[in-house]
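Under this note's numbering, the first residue of the sequence shown carries the number 1, and numbering increases by one thereafter.
Simulated from the structure, these hints should not be mistaken for laboratory data. Just so you know, these numbers come straight off a predicted model, no measurement behind them. Wrong hints could be hidden among the right ones.
Claimed, not checked - Simulated crosslink set (BS3-like; lysine-lysine; CA at most 25 angstroms straight-line):
| # | residue 1 | residue 2 |
| --- | --- | --- |
| 1 | K24 | K14 |
| 2 | K14 | K53 |
| 3 | K57 | K14 |
| 4 | K17 | K53 |
| 5 | K57 | K24 |
| 6 | K57 | K17 |
| 7 | K53 | K24 |
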Amino acid sequence: MLAQALELAERFGKRSKGSVAAAKRSVYFGGSMSLEDGLHVERAEFFTRVMSKEGQKLMLDYMETTDATGELPLYRPDTYAQALASGSVPGHRSANGR
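Please model the entire structure based on the sequences and the hints provided.
Below you can see the structure in the form of structure tokens.
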């Protein structure tokens, strides 16, 4: 169990602090509510992250990558695996250093 906990901690450690904090708040507060209310908390946290500068940058990169390749990045198994490992979807901008 310790190995699994360390693996999970390493995975979460690669994500942004704001995203990890949002996930923790969703679980902490939403987990003791009804399903409907808990999902509302989760949705509010998600939208807060999406609307942040970081979230907007990542979404623009995702859209640019989709336009450049003609496919959704996470539909590619190698890209999906890389996103899980790194904590972020690799995109066109990051590949070009922009």
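Honestly, which of those hints from before does the structure not fit?
Hint check: nothing fails, all pass.
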